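Undergrad: Residue numbers (this note's numbering), protein chains in the order written: chain A, 6 to 94; chain B, 6 to 94; chain C, 6 to 94; chain D, 6 to 94.
Source of the hints: derived by calculation from the structure; they are not laboratory data.
It cannot be assumed that every hint is accurate.
No copy is singled out in the list; a pair is fine if it fits within one copy or between any two copies.
[To be verified] Here are the simulated lysine-lysine pairs, DSS-like style, with alpha carbons at most 27 Å apart:
#, residue 1, residue 2
1, LYS37, LYS81
2, LYS62, LYS37
3, LYS12, LYS37
4, LYS62, LYS81
5, LYS74, LYS62
6, LYS81, LYS12
7, LYS74, LYS37
8, LYS37, LYS21
9, LYS37, LYS27
Being a predicted model, the structure only gives us computed values, none of them experimental.
4 protein chains.
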Amino acid sequence: MIDETVKEQALIRLRKIEGQIKGIQRMVEEEKYCIDIVNQITAVKRALEQVALMVMKRHVESCVSEAIKAGNSTAKIDELIETIDRFVR
Amino acid sequence: MIDETVKEQALIRLRKIEGQIKGIQRMVEEEKYCIDIVNQITAVKRALEQVALMVMKRHVESCVSEAIKAGNSTAKIDELIETIDRFVR
Amino acid sequence: MIDETVKEQALIRLRKIEGQIKGIQRMVEEEKYCIDIVNQITAVKRALEQVALMVMKRHVESCVSEAIKAGNSTAKIDELIETIDRFVR
Amino acid sequence: MIDETVKEQALIRLRKIEGQIKGIQRMVEEEKYCIDIVNQITAVKRALEQVALMVMKRHVESCVSEAIKAGNSTAKIDELIETIDRFVR
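Whole structure, please, built from the sequences with the hints as guidance.
TA: What follows is the structure, given as structure tokens:
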């Protein structure tokens, strides 16, 4: 489960990302140069990936770790790898 | 340059993405299951990629095409490929 | 550490990938259609990602799990997340 | 269509990639550290992406450019964007 530190940091980043999405909307409305719009989308994609990695790390530290200690981690590890698989593509 | 159709479609998608980002913020605030948060981030990443591809397509149809017809497309094609390079990684 | 099953399956896939790389070399030599070459590269990229996920899963099941049970998993989890980060981009 | 320069450079890179794939096979056979194997796969993935971008660039400079000059580029541009879409995910 997400702890207070990850929660706070993730929320700060997600609010920044929300601002960036609004910025991209303005760029589209004002018909800015296409390449600049795509580059800005790339920046947001990276920022989102960083949030996902932060949450994934916390997940390994908490849920996956507990399942491993309890000796029943098969389903948790399968789920983690499937999530990384979807995330990568 | 972005035309009216792409502009409208991109804005519809970007507003939906803004809503999804807010949804992820709520998921983090309510300490939802980490895997569900990551999967939702993956969904937004895909949605952003679709907007980028839409804008990139329009860019090839307009700016790149005009440069090719004018016989001076070297810089435009370099810029396009560098943008795809950043976008891919 | 890699076990026999993962080792065998990864090697089967890596040999297939080697064949696909040779196939792409032939496509380039024979000046096949560019789009077909790129699509074939995309297929190999996916195949490589599957091998990486297979190895990563085994890593979580073995090294990361042992570190968690031993109560000193911080470095192992950091390393895992950094590896996923490089892999994603 | 691929020209001699791109052909030569792509082949040099693809032969290096073939060597890297064989290197990964050896790493798996010798049961090297999982993280090192995954990082090596990431390196090959990047190298493959560079070849794809090189071929894609040439494609825009030749086939797509010719179609644009001939005034019938719709199908070519659709095909290009679909290829980038598959390549990105």
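Undergrad: Each hint should be assessed against the structure and marked as holding or not.
TA: Against the structure, the hints come out as follows:
| no. | hint | in the structure |
| --- | --- | --- |
| 1 | LYS37 with LYS81 | between (45 Å within a copy, 16 Å between copies) |
| 2 | LYS62 with LYS37 | between (37 Å within a copy, 15 Å between copies) |
| 3 | LYS12 with LYS37 | between (34 Å within a copy, 11 Å between copies) |
| 4 | LYS62 with LYS81 | both (14 Å within a copy, 11 Å between copies) |
| 5 | LYS74 with LYS62 | both (17 Å within a copy, 17 Å between copies) |
| 6 | LYS81 with LYS12 | both (21 Å within a copy, 22 Å between copies) |
| 7 | LYS74 with LYS37 | between (53 Å within a copy, 22 Å between copies) |
| 8 | LYS37 with LYS21 | both (21 Å within a copy, 20 Å between copies) |
| 9 | LYS37 with LYS27 | both (14 Å within a copy, 25 Å between copies) |
Every hint, counting from the list given before, is met by this structure.
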